[in-house]
Every structure is written in structure tokens, then in C-alpha cells.
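Protein chains: 4
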Amino acid sequence: MDIKILLDEYNATRSRTMELIEPLLEEDCCVQSLPEASPVKWHLGHAAWFFEAFVLQHYETAFQPFQQEFLTMFSSYNSSNVPHPDPKRGLFTRPSLKATREYCHNIDERMTNLSHQVTADEMLQMIITLGIHHELQHQELMLTDLKHLLSQNPLNPIYQPKIDLRATDSSISAPLKWHSFDAGIIEIGYEGEGFSYDNESPRHKQYLYPYQLASRLVTNGEYLQFIEDNGYDNPCFWFSEGWNWIKSTHCHHPLYWRHEAGAWKEFTLHGLVPLNLNLPVIHISYYEASAFAQWRGARLPTEAEWENTASLQKIAGDFADNNYFHPRHTAIGESVKINALYGSAWEWTQSSYSPYPGYNPKKSNSNKPKSDIWDVAVGEYNSESMVNQYVLRGGSCITPRKRIRPSMRNFFPAETRWQFSGIRLARNET
Amino acid sequence: MDIKILLDEYNATRSRTMELIEPLLEEDCCVQSLPEASPVKWHLGHAAWFFEAFVLQHYETAFQPFQQEFLTMFSSYNSSNVPHPDPKRGLFTRPSLKATREYCHNIDERMTNLSHQVTADEMLQMIITLGIHHELQHQELMLTDLKHLLSQNPLNPIYQPKIDLRATDSSISAPLKWHSFDAGIIEIGYEGEGFSYDNESPRHKQYLYPYQLASRLVTNGEYLQFIEDNGYDNPCFWFSEGWNWIKSTHCHHPLYWRHEAGAWKEFTLHGLVPLNLNLPVIHISYYEASAFAQWRGARLPTEAEWENTASLQKIAGDFADNNYFHPRHTAIGESVKINALYGSAWEWTQSSYSPYPGYNPKKSNSNKPKSDIWDVAVGEYNSESMVNQYVLRGGSCITPRKRIRPSMRNFFPAETRWQFSGIRLARNET
Amino acid sequence: MDIKILLDEYNATRSRTMELIEPLLEEDCCVQSLPEASPVKWHLGHAAWFFEAFVLQHYETAFQPFQQEFLTMFSSYNSSNVPHPDPKRGLFTRPSLKATREYCHNIDERMTNLSHQVTADEMLQMIITLGIHHELQHQELMLTDLKHLLSQNPLNPIYQPKIDLRATDSSISAPLKWHSFDAGIIEIGYEGEGFSYDNESPRHKQYLYPYQLASRLVTNGEYLQFIEDNGYDNPCFWFSEGWNWIKSTHCHHPLYWRHEAGAWKEFTLHGLVPLNLNLPVIHISYYEASAFAQWRGARLPTEAEWENTASLQKIAGDFADNNYFHPRHTAIGESVKINALYGSAWEWTQSSYSPYPGYNPKKSNSNKPKSDIWDVAVGEYNSESMVNQYVLRGGSCITPRKRIRPSMRNFFPAETRWQFSGIRLARNET
Amino acid sequence: MDIKILLDEYNATRSRTMELIEPLLEEDCCVQSLPEASPVKWHLGHAAWFFEAFVLQHYETAFQPFQQEFLTMFSSYNSSNVPHPDPKRGLFTRPSLKATREYCHNIDERMTNLSHQVTADEMLQMIITLGIHHELQHQELMLTDLKHLLSQNPLNPIYQPKIDLRATDSSISAPLKWHSFDAGIIEIGYEGEGFSYDNESPRHKQYLYPYQLASRLVTNGEYLQFIEDNGYDNPCFWFSEGWNWIKSTHCHHPLYWRHEAGAWKEFTLHGLVPLNLNLPVIHISYYEASAFAQWRGARLPTEAEWENTASLQKIAGDFADNNYFHPRHTAIGESVKINALYGSAWEWTQSSYSPYPGYNPKKSNSNKPKSDIWDVAVGEYNSESMVNQYVLRGGSCITPRKRIRPSMRNFFPAETRWQFSGIRLARNET
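Protein chains in written order, with the numbering used here: chain A, 1 to 430; chain D, 1 to 430; chain V, 1 to 430; chain Z, 1 to 430.
Since the list gives no way to pick out one identical chain from another, each pair is judged satisfied if it fits inside one copy or across any two copies.
Derived EDC-like pairs: lysine to aspartate or glutamate, alpha-carbon spacing no greater than 20 Å straight-line: (1) K265 / E69; (2) K162 / E19; (3) K402 / E191; (4) K88 / E241.
Calculated directly from the structure, the hints in this document are not laboratory data. Being a predicted model, the structure only gives us computed values, none of them experimental.
Given these sequences and hints, build the entire structure.
Written as C-alpha cells, this is what we have:
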């Protein structure tokens, strides 16, 4: 690929990042409200850092860091070289948002200069492509983390004013239907020439039993029935560990639901609004998703079942690109049998996040050139997380469309709720 | 089956339980040294409780509890009816060991009387059979929990004096070899008329890629090399979560290893002995098993790979029945290609503990009669634990032989070390 | 003093210790139910250890320890030589109770032999006297810790069966009266030839303002009024720290009160009995004592006020010597104005535990000979605890009479409840 | 007093507050780096809130809150009406710093209007005076909390650039001398017509034994000797609780000291500078102050000793008013015997924070009018903290001069280190 084209993509991605933070105050960009979240400013600096650390440092002649400390402050690796979110990132009031923007601008200029000087080898193309996808991921995390931060404020700040989220005619959720899929040996995993993470490879066979998937996501209304049926008070729906989680956290509803003055409301990036019963339930843990499914006499799909079905459908859905940061419908893509497989809400699967057969951790995923840069750069996406996490599929309303492939695997610990996670039901074909 | 035969099995099991606690003091039987362990005395009362609560209470005419409080004190269900180990069981100094033995004796007598009075329906047979397997499980847990308790004592108490555990000619471990197994659709899971837990069903197909299994378990000597190669100090071998586990627990060797006066020793149920480098390493977490495999350039087997291979072999190995409560050899069953698949040490697999396709939680596993008794009685073995746990296979040197089938699934959280857990390496056929 | 007389006292003390554990099972003596408590068996071994470590080790010719490990297992000093209760003492199932009794017997014999062989120097006399008082203290702690242990058991075990603790005519509590005491310079602290701890010295002057003390201890009935007046729900009665303590512990009544089937009961060493409203309230924290006083429009006394008044009275009260291990009256010593200043319940004072003016930590308290033995032996009683603890005075129903002097200072952290602690009200003379 | 004069004082105080935050970024003002600290922006809004809640709400005709939510967001009382720092204040990114300034400006205008309309009754004067002292206190806390926040940043931000803090001739510390003070009945506590907090009253008698105070504060150099003498590794200098504190926190030097590249440095509000051995040691806990004193064969003074001596001296010292936010000398006020009793560093006393004899919590301290407003307004300064805290005296280099009186009592828990706390040694006259 021509490096000029790649740089256009780089610039478009960076512009979008800047657009997303436009409505925010300096203060909004600095604070961290969860140990596992990061401040918006850190996401911004970190996205630029990727290119300084993995591109400029290796390809720029006479490389000089913009500021020496930024190479560690904006790194996602701790002192032991293990990737992890740092609960102290929110304490970095300096560099200011202004100074962090200047850092980004500097990196942009140097990336442009670089594109005039070097001939893109395959490794350079791979790293820049990875950096772009890395930034797309952080665009999503920015909004995810910001939503949690704003939700902590009694003033209920609005990220972007929007039209009313209450039910309109078009958003009345259709009755849930079940669609059947056949048994047999199927294949999942990425194959092709485009970008993918190493955890999507290799493409491999699995044996599937006949299964059914629900035609749409579980709605707030259905979830409310579960609550009103004392779902949170009945241990028979829950894993023992999930039951202990309820007892210690006192969770009794999705993360951003609030019961005020006798009515349910939901905090969104468009403000605090009445709970719309027809929209998909989001911000629930794996424990809650599983318990709901158990209550409904169903189960969560496996990731193989999900991907097998998703591979048959066109990727269409509520993504971040339309600048609406909350699910809008349960009926996306009316022409397909299974609505909203993509976008709207990340769908918990029952699959533990584990390596595919033949997966080779810490290595690139195909016949591409290998190098130390690559190994470090992709370290963030490989095997270190492959214990005690569960796979989510399909992207959400704050996911950039470009991030999503049928084979894309997202993963979080079972108690995670601040992600835009929802429920797709499955069951055995009987 | 004739209920008389079943009662013989009941009596034999109870005798064995009593034999196992013979060497212990009242004090040894009362104390709990870990929240997830139970005192020996509780295991004893709980084994008897099973028959009082699930057999006598339903089949005895004019049932009267031996002592009302025992129905809750010896139950494994907490007030919310969720099974869980109770960290306060060790505070129950009453009933005394003597009184608990009397409880068992009383239950034995009533079980004998019952066998003269009732005709065994299928449900009664199933429940008694389940109770016997339940007691076998608790025989194993008794020894597991006792070992931890005794290990906390500066006097290094000996449960059973034994001959020296140091290397003898016969126990020199053979060189590790790799044996290959073919790809294709295989079947795993229990099928047959005998006893099995519901989590082993239904028998089902899986697609396997060609794989290799190590000819024997990893030895203490090999694990020591990992330690001496700074395996615990190098994050690249560890899951992020495992690395955090090291940082918070400061683990740097298997649970019962000690470095004293320049030499490695190992605490065993036969006393504190010099570490035998030729014996299998035991008492390691899933994190440690995975890190060792990564360091060796290998991986852990999946449970499907393990069972596929194990199904081909005769069940033979170091089990508790021979009254030797530590692994003795790495070369069990010289005639087989894969040594010590059964007994010696529970083998961590890389498989997250999850339901088999078509698994129906809270139900018996076949065409057997269903009832509420059964549903409650087997509640302990079903789906409540199917999150954030990993499967172990094959049994250990303290497992009663009768507990083990090729399809038997044991499961524990990744940080668990007080079980007799070891490492079987696997790798992809290249 | 003749060493023979001292040995008689030694033997009498040891006999009493043995008498106190007579009703107990091996199991009762082994288990530890609180990190800050110790098992009865440990108290027993520790009392003997004192004489082995501080007397025999220094005065016996050709000293050989009874068992080398006991010198550390029964020591109250941890590896850093700092005194502290060890939350793992309850894990020592060995030595057995029987073996621990043999240890005591051995020490007794060696103490007798020693008394025949050595001429008592002043230091030897001091150490033996200290050891006897040390054992008296542990007699009290034994019962204190045992009560907590037994209280954890659903069987409500009875340490010693006794007559009914319900109100009898003689135990109706008298109306609370206030007695006034003058202002001026007074003196507190120990002075004399008898035994005292170093924290009681030197005797010194303090300036007191006129004050009043309540004629009797606060009763269960009065405390119940505080509860029924929502005392635990009203922050204005509580220190901020005490309020946080309520929020985190959910305490809403004294430690051993229980509300069962609409009635209040109290767990005692004589069994679970109906709450007697006329008896003194016990087992409350400093937070609760202070909040009750605030609610009553009064305050707790300072230790100087308490001692100033107590010095004027004969020491008489409900002590452990009468083998009744619960307060029996509020009107002890009818002839005195202030009832039950001694015995019945330790009385929280508002005084932080701090050194008296001129106090010299780590030194004996008078003109007695000084040595390293002494400094280590008394280390348990001196300055290491003089931060964040509060002084209690007067002894309780489980305190041996010989422990108590007007100047005796007991001290515990503000949240402590398992001691037999109660409330004496004070107020300013207006 | 004329309300116009009072308003001048109000305006001067507010101007100073604004001056102090001038060098800061929006981000610096928003973040909270300790649960017990507050963001600068919160301090600002809280200072204004005091006047809105306690003055305008009661005296303004047709009172309308500036913004309803501010009455709770900027309150120091939690939902249970108990004063406490809120660890979530740092999550309030809104109102912005700009909006918070506007809030202050609005309050200033309304206070001015009010002063033209009402005739100041005594209560109004008292509340405004209290509000001014309240704001002075928060000026100090702002700098205290800010220092901790900036210290967390790898960029070592400088609050105010200053001249070098290294030793100059004039700052070489004088040899420590001891000055003696007589025994007898003395009086401490506030008496007079000026402002004081209720905890300083009533003035009362105490009996003092002869004592000595050190001529100057302990220096960094002396404290370094303690460290180099393994003071942090020797339990004999420490309270048991202090020793446990070391073990759990791994503290081995004052809070803002750093050992980098073989040299000691100190983080200050004027940047990271080489440790000046001649300046007073600051930012140490009560545990450390006590251990140092023990190591030196001395002790901490009681608050009565401190006040008795301080009352004799003119109040002069390093205060915040000179815009230098770090101690500059050990020899302040050359003409006095005891240097730097005031300013430089808050001096830990050995006195537990407790009520003075005759203290009446929740009441004003003299014959002033009493009312509900007053009781709530001064709730922050009275008895709720009188458990498990220790008294500090004399003010520090960041304390406004107007806050300090001889009788002024500051108080913090023993483990507190982020305050500007130092050591004045005392000992008994021998």
C-alpha cells in the first residue's frame, strides 16, 4: 500500500479523535473515575505515543523524543513491562490538555515528514495500520471511560445534546423470534489480507451442534421484568461467584440505571433520560447476562455460534460513526434475520477468552515479517489476558465501524459493567 | 441393584473414612486453616449429613433428626441456599469429634435398618450411590485440607510415617518424550450405565487438531530449573493476572516447598522431606502451570485432548487406596505410552470449566427419574461453578480410585494451590 | 520474701489455671475465633513458657528446653521481637492439650526443684512475682477469648451451668445517683512495696476540677432505651470515627446480645439467657460507651477522676474468684457510695493510654535492680501500646481479685468489644 | 464590630484565596490525590458555600441558591450529616474552575449587598468571622493537598519558582539546646474577646512537672542520622502500631524525600530540590516523630507544656503570608530562646486530642449568643474528632499568620504525613 494513502487514514483517524474531545472541558479530560479506566487526556497522549514509540523512534533519522518523560507517562506498559491500566493516570494534571494537543500535533507533523522521506517497507505499513486500529480502539475507550466519569457527577453533565431517547414509533421492539442454525464442522477465525489482531487467528474448524439465536438483543423492558421477578434475589439463576458479587457490590440493576422519584431513568452520553423499555439493555456484567439467560430458560451463545451466524450477514448497525452514542433501535438491518448482531451493544458470549488451536502467542499472525518492534507493539493484544475473561462480539454504538470484523474478539472480566455490553440469547435446537 | 450390595458399599466407604482419620488428634480434626478448606470433623459430619438429609429424611418412617442443629451445621449450603465453603466451620468446637463419630454411627445404623425395610426404588439407589461418591470426594478433601493445616505447624507433624521419599533407583524419572495424536472429530463425555456427575454429560463431538502429549508429568527437578532461570521474575511467561498474583502473594515456589539451610525440602503427609527432583511437581496454581509451559515452549492440554488420549488407556496409577499420600513415581504403568495420566497429580488443562453442548443444568444426566431430592442433592456438582474456574483431570495420589473415570472433571480457580495439582505438557503437532 | 512462699503462690495460681480449663474439650482449647484472641491451649503453654524463658533459662544449671520449638511457639513476641497476638496461633493443633499439660507439669517440677537449690535474689523474686501476675492476666484472657469462641457456635455451648441469670429481687438495680468530688491537686499512680506494672508509675500530681460519678454502672435496661431511642442511627451522639465503625460493622447492640423471636437474649459463659435489664451492660466498645454517655447528657470519667474516687474505697466486687463469670448485681458493696467500682465490668475512661509524667519506658518502676531479663519480661506491659488505645479501670467479673489495685490500668483500642467492658457515667459538677 | 470592617476582612481573605490559585491549571484544581484530601476547586467552592449556607441563606431576603446542587456538592457534610472528607470530590469535573470562580464572585457580590442592608447582630458577626477563619484554614489545606497532588507527577511540577533551597550561611542550623521550665499549676486554653475555636476552651488549670524544650526543630540532617542508624528497622523505637504501619506501608523516610542517583532530594512547592540538611524535617507521622524522639532519648512535649512555653513568646515565624511555602530556617526569632515555635512546621505533641475539662461540645465557647446556625456551622471544629487523633501546635510555613494563637489546637490521626508536620523534642527536667 502507498504510504500516502496510509497517512491519509492516519490523519482522518486523528481528526476524528480530536472531534470526539471537542465538547470537553480540560477537567473532563484529566480525571480517572475507575482503576481500569483512563483519563481522556491519557488516551489522547497514548494514541500519539504509539506512533512516537513504534514508528518515529525506529524510522526517524536523529530521533529526539518530544519530551523524554512522555515515553513512560503515555506508555501502557508498567515498570515490569506488563500491560495494565494504571489507577494513577488520573493524577497527572500535567501535561495540560493544551500541551497534550501540542504533543499530538508534533507527532502528526513528524509522521507527515516521515511519509515524504521513507519508502514504506512492509513492517512500517503493518505498524502504522496497527497504530490506526489502536487509536480507533482508544476512541471507543475514551467514550466508555468518559461516560463513567460524567455519571459520577450530581449535575448529570451532557456530553452531546441530542433528541429525546424515549420510544418513538419506529423504535418499538419487535417480538423476539428464534432462528435456527445447523450442526456440523464450521470454521471461525480471521483469514484474508486485511487487518486483524493475532487472537483472531488461525482460522480453524469447530464442531457445532444445532443452535438457535434470538432475533434481537434483550431490551430494557425484558430486563426490568427480570428485576421485578426478583431476579437479583434468587440464587438459583446465578453462578456462586456472581451471587457473591451481588452480595459484595449490592448491584440490583444495570450500571447506569437509576430509580428516582418512582421512575426508572438511564444516564447516557446524551444526558439523564427516562428509561426506554424498547431499547437494548446495556452496561451489564457477564454474571448478569448469564443470570438473565438462565431466568429466561435460555443461554448465552458461544463465540463460535456467534461468528458462524455473523459471518453470513452484512456488517451494518448502530456504530459510533453516526455520532449517536446510545443504542437507538433493536431492529437494525430489517432485511436480516438476526438484528443488531453488529453495533448497538457488545454481546457477551459464554466463551472464556482462550487461544485458538494453533495460536502462537507473541508472534504476528501470518506470513508477515516478524521483528521485535512488532512483538512489542502487538503485545497489548495477545495472550497475556487469556485467563478469567469472557469474549464479547459485534461492537457497540460507540465502536468505530472500522474496528469490526466477524472474527473480532473483545474480552473483559466477568464483573465488567462500564463497557457497552448487552445480551443476545441463544438456545439449543431441540 | 440390590440395596444390600449398595449398603455393603456404603459401609466399606464409611469404614475407609474412619480409617483415614484414625491417626488424628481431636485438635487436628477441628481446625480450619483456609477459608476454602473445611475441618476434618466437618467433612465427617457432612458425609453422614448427606444420608440423613437426602435419604433418611425422605425414606425413614417417623424421621427424627439426630440433632436438629446438625441439619444446618453440617450442610454445605449457606442461608441463601448457595453452596460454598464456610470460613467459620473451624469455629465449631462442638460437637466434639467423639460426638460426631456417634452421629456417623447413628446414621450407619439407621441406613442398615432402612435397607431391611424398604425396597430400593431407582431414586433411592441413585441417591445412595451419589452419597457414596460424595463421601469419596470428601475423603480426598479431608486429606487435602489436613495437609494444609499440618503444614502451618512449626513441629512439622507427620500424618503417617513412611519410608524415605528420596530418590531410589526405580524412581529416576525417564526422559520426557512426546507422543502424537491425530486430528479429527472425536467424542468426549460420559456414556454408560455407571455413576457420573452431570457435568460429564452429554457425550458430544469436538474437532481436534493434531496434538502431542508429554510422556510423563513435569518433575520437581524441571520445575526447579524454571525457578533458577528466574521464571518467577520474568513477566513474559505469565498472564497479566498471574503476574499480579505473584506481586501480591510473593509466591516464588510450589506451595509446600521450603528452602532451609541451603537445601530444598517439601512438606508431605509423611513429614518434611528433602525435595525429590525425580517426582512430579505438585501444589501449583494454574498461573504457575501455564507459565512453566510457556517457558518450556509448550502449552497445557485442552480437556478434550486429555480425555481423548486417556480414554485409550487403562486406569492405573498412584491412588489413595495404597495408603501412600504422595506421588511415588513418574513412571506409572510402564506398558503405556503416557505415564501417570491417572493418579499422582491432578493435571491442569487450559480449558475453562464450562457446560458441554446440550448440558442441562440442575437436571440429572440421562433418562433416570427426576425429582426434587435429586435436584438438590446434585446441586453441588452442577453449573454454579461454571465461571472463572479451570478443569483438572486424572486424579491424584490422594484420590480414591473409584472416583476416577476418563470423563471425570475436577475444577478449581486459577490461583488454587492446596489441591494436589501438577503439570502435563502438550504441544501442537507441527 | 521466702522463695518457698512465692512457690506456694506459683502453685496456687497454676492450680487455678488448671481448674479453669477443666470443663473444656480438647477442641475448645485449640481454636482461635478472633485475630486478637488466643486459644486456651496457647494461654496455658504461654503461662508456663514465661517461667521457662525468664526463670529456668537463667537460673537452672544445665538448662535444657522441654522442647526447643515451644520457646518460640508459646512466645508472645513475633520474629521482629514486637509483642502482638498472632492470628495463626489457632492453627497449632500440636502440641495436643495433653502434651501442653505435660509441659506445664514439667515446668512445675523444675520450678520446685529450683526453689530447693537457689537462694532467691531480688531479681528472681521479681520475675516469679511478675510471672504469677502474668498468669493471672492470662486466666482472665482465657475466659474472655473462650466466651467469644463459644458464642460462634449454633449449639450455644455452656462453659459452666449456673442458676438462672434472670432478675431476682435482690438484683433490681437501684436508681442512679450522682456523687460529687472536690477539685484540686490530687495524686494518682502506684506507690508502695507490692506488685505493680510500670505503666502505673510514677505516682504524680494532677489538677482535677469538681466532678460527679454515677452511683452504679449503666444497666442493660438503660442501654436498651438508648437503642430504642435510635441511638445507633443518630450521628450526633457519635465520634465521626465511631459512626464510620457502625457503618462498616453494622453494629446495633452489645456484642453478645441477640434478638430472637421478639425477645432479647444474652450469650454468657453460663449459656444463652434472657437479657436481664437490671444487670450492667457489658461487651461494648469505647465508641458505644461514649455515644451512650453523650445521649445521657453525661460523659465518661477520666482515669484520674476514677482513681481518685476508687482510692477511697475498699476493693470489693464481683471477681472471678467466686466462680461466677457474669455480673450479678449493680449493687456491690452496699455500704459504699459508688457501687461496683471494682469487678463486674471494666469501665471505659475517656483517657487515652499514655505515659505518666516522668514515666521511663522499658525500665522497672522503682529502686529495684534492673537487668536485661527484667527489661524483656516486662516489655509486654510498657510503652509499645501507648497510642490509639483507651484506659479501662476496675476489673470485671472474670478478673482474678489479685490483679486489681486502684492504680491498675487496662487498655484496649476503641473498637474492642470482646472484653468485659461497661460504662460508668461521669459529669461536671455544675 | 462594624460590618463594613468585617467585609473588608472577608474581601481580603477571598483575594488571598484567589491569589493562591493563580499559578494553577484547570486540571491542577480538579484532581484529588488522597481520600483525605480535596481538590483545590472544591476548597474554593466550599469556602464560598460556607457564606451561602450559613450567612446568605439566613440573612438574605428572598434567598435563592446560586445553583441548588452546589449546596450539597460543596458541603463538607455527608448524607448522614457527619463531616468527613469525601474521596469522590475529585470526580466532579463540573462545575469547571471558571464556573466555580463565578460562584465565588456571585457570593462576594451578595455579601457586599448584604452588608449594605442589614445591621450586623452579634450572631452575624460571629458567623462571618468564623467563615473567614474557615477560609484561612482551607487556604492552608489547598496548599497541603496540592503539594501531594503535584508530587505524584513524574514531571515534578513547580507551584512557584523560587530561589535555591540549599543551605546558605544564614541557614546553618544552630546546635540544639535545652531550655528548662518550672513545675506547678499553670493555665492553658483560650481566654479573651477575639476569635477562637470551641476546642480551645475553657481556659483551665493543669499541673506540670518541670520540663525542657529543645531550642529548635529537628533538622533533616538529624532525621537522616536516625535513618542511617537503621531507625526504621529497629522495633524498640516504635509503638507496636507504628511498627505494623511500617510493615504495611514500607515507609522508610519522610513523605516527600526521594533517594535518586545516590542523593537525597525533597519535593517542595518550589520544585524538586536537593535535601537541605539544615532545614526542619517535615511531613512525618506521629509514629515517626515518636520513634525519632525515643531514638534520641527524648520525648514529644505535651500540649500543655507547649502552650505554657509558647504563651510567653511573641508569635513570629515562617508563615504563608511571606509567599514562601517551605521552611527556610531553624532559627526564627533570634531573640527568643525557643526558635520556630510558631510557623515552619506543625509540631506533634504526645497529647491525644480530647476535650478540655468543662468543655461543652456543640456549644459556642463563651457568653456569646447561641443558635442552631452556630451549632451547625461550628460542628466542624468540635468533638466529633476527639478519638484516636493527636494534637499539633504552632502552625507551619503554609499557615496564614491569622490562624495562629498560642491556644490553637490542630489534630490529625497518627499515620498522617501529608500535613507540614515536624518534631519539637522535650524531656523531663532531671
